[in-house]
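Asks: These are the residues of each chain, in order.
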Amino acid sequence: MTVFDIVNSFGLKIRAGKNRLAEEVTGGYAGDLLSDVIAHSRKGSIWVTIQTHPNIVAVATMKELAGIILAGGREPDADTLKKAEEEEIPVLVSPLFAFEVVGKLYQMGISGTG
Amino acid sequence: MTGAENSIPFHEMFHIGGGDFTNAGSISSQVKKILIRAGFSRGVVRRASIATFEAEMNVICYANRGNLSLFIMPDALRVIVEDEGVGIPDVDLAMREGYSTATEKIHELGFGAGMGLSNIKNHTDGMILTSKIGQGTHLEFVISLEGKDKEKVVPLFATRE
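Chains as they are written, first to last, in this note's numbering: chain A, 1 to 114; chain B, 1 to 161.
Source of the hints: derived by calculation from the structure; they are not laboratory data.
You can take every hint at face value.
Pairwise CB distance ranges, derived in the manner of DEER restraints: (1) Y99/B <-> D79/A: 29 to 35 angstroms; (2) P155/B <-> T2/A: 36 to 42 angstroms; (3) T2/A <-> P74/B: 39 to 45 angstroms.
From the three backbone atoms N, C-alpha and C, an ideal C-beta is built for every residue, glycine too.
Using the sequences and the hints, build the whole thing.
Replies: This is the structure in structure tokens:
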């Protein structure tokens, strides 16, 4: 399953990283504490968060995550988008709250353990 | 390594402002660029990025100011972070995962998970943490270089005249 499949499946808006939508998604992680995501997320995972500042891109790059879904209709900061384009990290937005986003991903077969 | 005894290790120092959340991550980003430009492997760059990011955030979140020094030695990367601030009363407690003294503001930004120091420990090959109450904290960590990464170090060295 790719990032693009997820975008299409529940109508996510693409804010950055259009060139990397073909990336395989091998798992998922949800969390808003950055060090926790650094400690526990796995390479290739899609990350669900409500943090919008540029350090989310730094974390996604460090951990080689497949992309970031901002839940609850949150929009990325302008600096975040700039960094996401530089680092080619997909940043997607959903109006659904995190619980529902994760639920839908799980239903699609994306398991937390990757 | 020929001539290593006359060579000066690569060294660069960065200043970190306490409370400077606007620039959070900028120092670790600069360190990462240096390492990528030097041609180090992805694994080394990733581990160094994570450890320097956590170290930088600790200074921003908890100290008044600090310096981060990157040394590229013949067989290792060494990072030293010295900060001025209240210090850490109990280093063992600070190392415990989940223990945090973060304020609400820090938590709102997604920092203060209480995992920064353990992330540094788990991504490096050695770590030293010491602190003096009321003065500040000294953190050092090392990432060993193996194989092809060691070859990347030679062109970075300056030679003593």
